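Model the placement of chains B, C and D with the ligands on the given structure of chain A, informed by the hints.
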Amino acid sequence: MSYNVNEKGYYGEFGGAYIPEMLYPNIEELRQNYLKITAEPSFQEEFHALLKDYVGRPTPLYYAKRLSEKFNTKIYLKREDLNHTGAHKVNNTIGQILLAQRLGKTRIIAETGAGQHGVATATVCALMGIECVVYMGEVDIARQAPNVARMKMLGAKVVPATSGSKTLKDATNEAMRDWINNPVDTHYIVGSVVGPHPYPDMVARFQAVVSEEIKWQLREKEGRSNPDYVMACVGGGSNAAGAFYHYLDEKDVKLIAVEAAGKGVDTGESAATSILGKEGIIHGSKTLLMQTHDGQITEPYSISAGLDYPGVGPMHAHLFKTGRAEFIAITDDDAMTSGLELSQLEGIIPAIETSHALAVFNYKKFKPNDVIVINLSGRGDKDLDTYIKYFKL
Amino acid sequence: MSYNVNEKGYYGEFGGAYIPEMLYPNIEELRQNYLKITAEPSFQEEFHALLKDYVGRPTPLYYAKRLSEKFNTKIYLKREDLNHTGAHKVNNTIGQILLAQRLGKTRIIAETGAGQHGVATATVCALMGIECVVYMGEVDIARQAPNVARMKMLGAKVVPATSGSKTLKDATNEAMRDWINNPVDTHYIVGSVVGPHPYPDMVARFQAVVSEEIKWQLREKEGRSNPDYVMACVGGGSNAAGAFYHYLDEKDVKLIAVEAAGKGVDTGESAATSILGKEGIIHGSKTLLMQTHDGQITEPYSISAGLDYPGVGPMHAHLFKTGRAEFIAITDDDAMTSGLELSQLEGIIPAIETSHALAVFNYKKFKPNDVIVINLSGRGDKDLDTYIKYFKL
Amino acid sequence: MNRIIQKLQEPQKLLSIYFTAGYPELNDTVTIIKSLEDNGVDMIEIGLPFSDPLADGPTIQDSSTAALKNGMSSNLLFDQLTNIREIVKIPLIIMGYFNPILQFGVEDFCKKCQEVGIDGLIIPDLPADVYNEHYRHIFEKYGLINIFLITPQTSEERVKFIDGISNGFIYMVSSASVTGSQSGFGNEQEAYFKRIHNMQLKNPQIVGFGIKDKETFTQATQYAKGAIIGSAFIKNLTFNGVNSIELFTKQFKA
Amino acid sequence: MNRIIQKLQEPQKLLSIYFTAGYPELNDTVTIIKSLEDNGVDMIEIGLPFSDPLADGPTIQDSSTAALKNGMSSNLLFDQLTNIREIVKIPLIIMGYFNPILQFGVEDFCKKCQEVGIDGLIIPDLPADVYNEHYRHIFEKYGLINIFLITPQTSEERVKFIDGISNGFIYMVSSASVTGSQSGFGNEQEAYFKRIHNMQLKNPQIVGFGIKDKETFTQATQYAKGAIIGSAFIKNLTFNGVNSIELFTKQFKA
Ligand SMILES: Cc1ncc(COP(=O)(O)O)c(C=O)c1O
Ligand SMILES: Cc1ncc(COP(=O)(O)O)c(C=O)c1O
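As they're listed, the protein sequences go chains A, B, C and D. FYI, in the UniProt record's numbering the residues of the first sequence are 1 to 393. FYI, in the UniProt record's numbering the residues of the second sequence are 1 to 393. FYI, in the UniProt record's numbering the residues of the third sequence are 1 to 254. FYI, in the UniProt record's numbering the residues of the fourth sequence are 1 to 254.
Calculated directly from the structure, the hints in this document are not laboratory data. Nothing here was measured: the structure is a model prediction, and the numbers come from that model. Hints should not be assumed to be uniformly reliable.
Under 10 Å between C-beta atoms, here's a sample of chain A residues computed to sit facing chain B [claimed, not checked]:
hint: 1; residue: 25
hint: 2; residue: 37
hint: 3; residue: 123
hint: 4; residue: 343
hint: 5; residue: 349
hint: 6; residue: 367
Derived pair list, reagent style DSS-like, types lysine-lysine, alpha-carbon separation capped at 25 Å [said to hold, decoys possible]:
hint: 7; chain 1: D; residue 1: 141; chain 2: D; residue 2: 202
hint: 8; chain 1: D; residue 1: 34; chain 2: D; residue 2: 111
hint: 9; chain 1: A; residue 1: 392; chain 2: B; residue 2: 263
hint: 10; chain 1: B; residue 1: 52; chain 2: A; residue 2: 215
hint: 11; chain 1: C; residue 1: 250; chain 2: C; residue 2: 214
hint: 12; chain 1: A; residue 1: 221; chain 2: A; residue 2: 52
hint: 13; chain 1: A; residue 1: 65; chain 2: B; residue 2: 157
hint: 14; chain 1: C; residue 1: 69; chain 2: A; residue 2: 166
hint: 15; chain 1: C; residue 1: 112; chain 2: A; residue 2: 278
hint: 16; chain 1: A; residue 1: 52; chain 2: B; residue 2: 278
hint: 17; chain 1: B; residue 1: 221; chain 2: A; residue 2: 65
hint: 18; chain 1: D; residue 1: 112; chain 2: B; residue 2: 278
hint: 19; chain 1: A; residue 1: 392; chain 2: B; residue 2: 157
hint: 20; chain 1: D; residue 1: 160; chain 2: B; residue 2: 8
hint: 21; chain 1: A; residue 1: 70; chain 2: B; residue 2: 52
hint: 22; chain 1: B; residue 1: 157; chain 2: A; residue 2: 389
hint: 23; chain 1: C; residue 1: 111; chain 2: A; residue 2: 278
hint: 24; chain 1: B; residue 1: 278; chain 2: D; residue 2: 69
hint: 25; chain 1: A; residue 1: 389; chain 2: B; residue 2: 152
hint: 26; chain 1: A; residue 1: 365; chain 2: A; residue 2: 251
hint: 27; chain 1: A; residue 1: 157; chain 2: B; residue 2: 166
hint: 28; chain 1: B; residue 1: 70; chain 2: B; residue 2: 367
hint: 29; chain 1: B; residue 1: 65; chain 2: A; residue 2: 52
hint: 30; chain 1: B; residue 1: 36; chain 2: A; residue 2: 157
hint: 31; chain 1: B; residue 1: 263; chain 2: B; residue 2: 364
hint: 32; chain 1: B; residue 1: 166; chain 2: D; residue 2: 235
hint: 33; chain 1: A; residue 1: 36; chain 2: A; residue 2: 8
hint: 34; chain 1: C; residue 1: 160; chain 2: A; residue 2: 8
hint: 35; chain 1: D; residue 1: 202; chain 2: B; residue 2: 278
hint: 36; chain 1: B; residue 1: 166; chain 2: D; residue 2: 69
hint: 37; chain 1: B; residue 1: 254; chain 2: B; residue 2: 215
hint: 38; chain 1: B; residue 1: 389; chain 2: A; residue 2: 152
hint: 39; chain 1: A; residue 1: 278; chain 2: A; residue 2: 263
hint: 40; chain 1: B; residue 1: 52; chain 2: A; residue 2: 52
Note that CB positions come from ideal geometry on N, CA and C, so glycine has one too.
Bound conformation, chain A alone:
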């Protein structure tokens, strides 16, 4: 059983490139070039130099002592929150901007939910002096105001998506429309392991640095590179993909993907895609998605803008279908409580996305000697208003 993409762009039965013809040349250009370009020594050199000197990698693998004590197990936090711009997203945007440059693109577009990917994209565009347009749902613009401000400071144009649920899904539609309208000079930096092939594989490869580092860091700390569990929240799935990547074929490592249950899986206000979803096509990819029996895509709900997406990357659909990963859905309330708990136990305010992964400890028992690595995908600075209001601090 392979958990990686095949030559046709599929993970098992999921993936592919279900795109309008208008996007064919762009996607084809990417498909034909992404492996070749990213394998070039000059690309690898520049990519790793920027990850080190600009992004601040390697990010620490931090043993969370007080959290571990509380849940009587061994918890390591992979500190993607310490990346420049505050989340794992920048690993991917650094990779894609270098690719875009080598493809001769002069304009960048992106979609964003939590704003982290938008900020990470605006950041690399500023770094390279390239024009940048970010699409963001109107609802998300309101609830992630700090990130909107950051994008503006970085010189990006933020365009509100006003259709549908006015969140990530709709921002993605708008970005795709922009790309259709600007097929020659523009590269679309997709922010997660979603979209048509080769995006899921390309983004996963850029994010794979996360598990690459975990391996040697855990060996330093525990004398073995394989933990018992790797756990990550899943919006589109990129931080989970990065954390899982080098463990996909290591059978002794259990993978846990954490989705947003919103107000509860059965309340109709949820974003728990794998549980509520069915196979279908969203944003050019065959995967699991939340939809009506008639095939209309459902508007998802989560308190967290980065998990508020009705689909999931095809790799994760495959991990779910094959049982390689366990999927757990966590409600808004549980996530918020765990976010506050981490803040006060470890002095780390997590992004609400990440807080979902932390809440698993309240539902799943681990053994005292289990080694669990959680991908701490981002910092909570963007979410302070939401936390403060929720807890009336």
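Same frame as chain A, now just chains B, C and D with the ligands:
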């Protein structure tokens, strides 16, 4: 000529411990123990492990290509903005919390201006499970709201200082009063190289990791560990102290300290201490401070909460007096413009404090081959509102 | 013979109109189709509305959202079309995104199309390659013509490939854009129209995207067999209602 | 002989009052001093206001801020006191933070004190050690007694050191606190008062911080030679004005 503290706590004629008798036992306890405790292998081990695994050190030394091109010289940014909590302040709070634990203290107090030191203190208190009270001027509470929210999330109590200019100076007074009232169980984590001996030296030693890293990082990049210039903004002076520390006695390295001119050095709304200040006593230290001819401390002004302080650490007073460092004052307007410039040239939004250091390039010409290291003391997330309003973005 | 192929053999430049089923009112579908035929339209694209129509501009998006809100669905559309062939003769094409069709079941969907008298399908997000490999036999089994798009960016090689697997006409997107975003055609379009014309493909081309009045229709059909009007027609429906169809279509037939 | 030393030899427990010069009104200084003497107060601390009085609680802070706003300064205070010795006999002490004195010039300041008839100084942020090393000779040259503080946390060794360099009285801070923050004395204070008493220091002790009424005055002076009232007196001035001094002081003399 020595630029380090002598056994009596003086840098040349500056420093000492001008404290009320009520604080004598606390200060004496610190003075007698700080070198001994911090030299213990177990302390060093824990300190460095936390800096690595929790704070995310070493922070990168990043060659700013586009900024360098613009000013036709070689500019490196020491990325203290990538530290956990987003500024250099945490280097010091990690050190002091370990010291406080070893002194058996069970309660922590701190003053804060920009809120970065308050957040860094609240963070280490959460990490260690110790009660935390942070004093912050009412004006600063309003202009650095994100940091106030963070402190609350971290479980700290934020107490407004309502006297005087309602900024950093007044918060410091309140913290000292608290310490006077709670001399036994409480440790006061001072946030900069100010206050009575041994604080300036102690904080400088904890921050010295910055120049320790610059040395080997620059050797990796330029084949020499000494740059031509090291440049840093100065509020109390801790980030500058950290960046200068290992270069103090290296005569070929020119040091530039950048102060906040506010609306202009001669406008009466300024915080350019070294230029406007006279020798005197502030917060237990003999140093340069802004004061009336009658010895009343002047209320300073800067758009940046972290530089809005009428004094400067005694080390810096000495560097100024001896001419070892050049002092440059930068206005609000120039700082803001340079902050936006860095955002859009390098994809790094700096704290407004840091932006002051960046503005020097508009006033001082450097040679094409000069190697300049700027201590990028913090990230601008806390300042987004100020930037956005200022530039009407 | 499939009505599309028949129609393509007629000498005139073909006027084809797109509308979104269920818009403006849920039950306007048959009325609109009948009225279009009555007013001399040659071919109709019936839009099956989708929640996330990513190849469409705001006009068609909004009409899709409204149609879904009105209650439109694949089942309902087929219900509405049950007796359409008793009153309408011109070719009818369903244009819809792939996911609703996939959920219906591709074979079931095609079967239903045949039953009600649909002649072809345009599924913008079903790529030619995937169609060719997985679904072609089903379409053929039910006598449906699948119509592919080409754009100014489509390589010569791929245009040939698409021509090869097409058996009706090629939907020639006038410019790189989503629907409704053009304002007139310029030299670039003309060069593109000519370039494709000169390739002498086996399938005729019908131009879509950006046709909004007599002038653009004439330009588009200088080299091509016909043109499709979408957003301009929807806008007219929105502002002037179903009764204005006669007036709207008249301008193209003048 | 210095008036402080003389006063300390009198048999009664000494009532000492602190007030901030320039408060409530800029020119109240002489009036308040005269009134305090007239009402039997034994000794007066004249507060030289400072912008950042970090050993003081809100009451004295606020009075200092107001006094500075009123225009009080070192020069003005000396002007106001120029003829004070023509009308007042009891010891007068200036209590102020070190920076204004440093800016005035320590020697100039001491000289001025001598000229107007000040007997001693309390400078909370001038540590005993620094005084001893750098300034003692100046104070002595101008016949000024410098008064040091001790607190419950001051070690026995340091109390002895301070006793050694003192030549008037020791200002015994009642508890670890800024001014004005106490509410009554408990067992802890009593133990501390007793402990210091039992050390049989050469200098008598006068207790300060937290004395606000007859009861606390009596408790404080059980072992000590006297007590200083600060915040409670300022509060009384704020609410009842300068004319209420008689009533305020009467309670302690009853
Ligand atoms: C901090 C953080 N974590 C997780 C996510 C979810 O995305 P993904 O599943 O692609 O990692 C986001 C998306 O914005 C995010 O900002
Ligand atoms: C980012 C940043 N830089 C600089 C300063 C100034 O302090 P210091 O001079 O002690 O480094 C502050 C203070 O809050 C700060 O937050």
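Quick rundown of the hints versus the structure:
1. Violation of the interface hint for residue 25 of chain A is found here, the shortest Cβ-Cβ separation to chain B being roughly 29 Å, above the 10 Å cut-off.
2. Taken as an interface hint, residue 37 of chain A does not check out: its beta carbon lies about 21 Å from the nearest beta carbon of chain B, beyond 10 Å.
3. Checking residue 123 of chain A against chain B: minimum C-beta separation of about 4 Å stays under 10 Å; hint holds.
4. A least Cβ separation of about 5 Å between residue 343 of chain A and chain B falls short of the 10 Å threshold, and the interface hint therefore holds.
5. With a cut of 10 Å, the hint placing residue 349 of chain A at the interface with chain B holds, because the nearest CB-to-CB distance is about 5 Å.
6. The interface hint given for residue 367 of chain A is violated, since its Cβ lies 23 Å from the closest Cβ of chain B, which is over the 10 Å cut-off.
7. Under the criterion of a C-alpha separation no larger than 25 Å, the hint pairing residue 141 of chain D with residue 202 of chain D is consistent with the structure, at around 22 Å.
8. For the proposed pair residue 34 of chain D and residue 111 of chain D, the alpha carbon gap of about 23 Å is at most 25 Å, so the pair holds.
9. Distance restraint check for residue 392 of chain A and residue 263 of chain B: the Cα-Cα separation of roughly 37 Å exceeds the 25 Å cut-off, and the hinted pair is therefore not satisfied.
10. Annotation: proposed proximity of residue 52 of chain B to residue 215 of chain A holds, straight-line Cα distance about 17 Å (limit 25 Å).
11. Restraint check for residue 250 of chain C and residue 214 of chain C: the C-alpha separation of about 10 Å stays at or below 25 Å, so the hint holds.
12. This hinted pair checks out: residue 221 of chain A and residue 52 of chain A have alpha carbons roughly 21 Å apart, not beyond 25 Å.
13. Simply put, residue 65 of chain A and residue 157 of chain B have alpha-carbon atoms about 23 Å apart, close enough for the 25 Å limit, and the pair holds.
14. With a C-alpha separation of about 16 Å, the suggested pair residue 69 of chain C and residue 166 of chain A falls inside the 25 Å cut-off, and the hint holds.
15. Using a Cα cut-off of 25 Å, the hinted pair residue 112 of chain C and residue 278 of chain A holds, with the two alpha carbons roughly 23 Å apart.
16. Between residue 52 of chain A and residue 278 of chain B the CA atoms are separated by roughly 44 Å; this puts the pair beyond 25 Å, and the hint is violated.
17. This hinted pair does not check out: residue 221 of chain B and residue 65 of chain A have alpha carbons roughly 36 Å apart, beyond 25 Å.
18. A C-alpha spacing of about 23 Å is found between residue 112 of chain D and residue 278 of chain B, which places the hinted pair at or below 25 Å, so the restraint holds.
19. Among the hinted pairs, residue 392 of chain A with residue 157 of chain B is consistent with the structure: their alpha-carbon atoms are about 14 Å apart, no more than 25 Å.
20. At roughly 22 Å between alpha-carbon atoms, residue 160 of chain D and residue 8 of chain B fall within 25 Å of each other, so this suggested pair holds.
21. Note on residue 70 of chain A and residue 52 of chain B: the hinted pairing holds, with a Cα-Cα distance of about 23 Å set against a maximum of 25 Å.
22. The hinted pair formed by residue 157 of chain B and residue 389 of chain A meets the criterion: a straight-line CA distance of about 17 Å does not exceed 25 Å.
23. A distance of roughly 23 Å separates the Cα atoms of residue 111 of chain C and residue 278 of chain A; the hinted pair therefore holds under the 25 Å criterion.
24. At roughly 22 Å between alpha-carbon atoms, residue 278 of chain B and residue 69 of chain D fall within 25 Å of each other, so this suggested pair holds.
25. With a CA separation close to 12 Å, the supplied pair residue 389 of chain A and residue 152 of chain B stays within the 25 Å bound.
26. A hinted pair counts as satisfied when its Cα atoms are at most 25 Å apart, and residue 365 of chain A with residue 251 of chain A qualifies at roughly 20 Å.
27. Between residue 157 of chain A and residue 166 of chain B the CA atoms are separated by roughly 37 Å; this puts the pair beyond 25 Å, and the hint is violated.
28. Taking the CA atoms of residue 70 of chain B and residue 367 of chain B, the gap is near 13 Å; set against the 25 Å cutoff, the hint holds.
29. Simply put, residue 65 of chain B and residue 52 of chain A have alpha-carbon atoms about 15 Å apart, close enough for the 25 Å limit, and the pair holds.
30. Under the criterion of a C-alpha separation no larger than 25 Å, the hint pairing residue 36 of chain B with residue 157 of chain A is inconsistent with the structure, at around 55 Å.
31. Of the supplied pair hints, the one linking residue 263 of chain B and residue 364 of chain B holds, its CA atoms being roughly 20 Å apart against a limit of 25 Å.
32. At roughly 23 Å between alpha-carbon atoms, residue 166 of chain B and residue 235 of chain D fall within 25 Å of each other, so this suggested pair holds.
33. Under the criterion of a C-alpha separation no larger than 25 Å, the hint pairing residue 36 of chain A with residue 8 of chain A is consistent with the structure, at around 16 Å.
34. Between residue 160 of chain C and residue 8 of chain A, the direct Cα distance comes to roughly 22 Å. Compliance with the 25 Å bound is thereby established for this hinted pair.
35. For the hint pairing residue 202 of chain D with residue 278 of chain B, the CA-to-CA distance comes to about 40 Å; that exceeds 25 Å, so the pair is violated.
36. The straight-line distance between the Cα atoms of residue 166 of chain B and residue 69 of chain D is roughly 16 Å, inside the 25 Å bound, and the hint therefore holds.
37. A hinted pair counts as satisfied when its Cα atoms are at most 25 Å apart, and residue 254 of chain B with residue 215 of chain B qualifies at roughly 14 Å.
38. A C-alpha spacing of about 12 Å is found between residue 389 of chain B and residue 152 of chain A, which places the hinted pair at or below 25 Å, so the restraint holds.
39. Straight-line distance between C-alpha atoms of residue 278 of chain A and residue 263 of chain A comes to about 20 Å, which keeps the hinted pair within the 25 Å bound.
40. For the suggested pair residue 52 of chain B and residue 52 of chain A, the alpha carbons sit about 15 Å apart, so the restraint of at most 25 Å is met.
The structure is inconsistent with the numbered hints 1, 2, 6, 9, 16, 17, 27, 30 and 35, although it conforms to all the rest.
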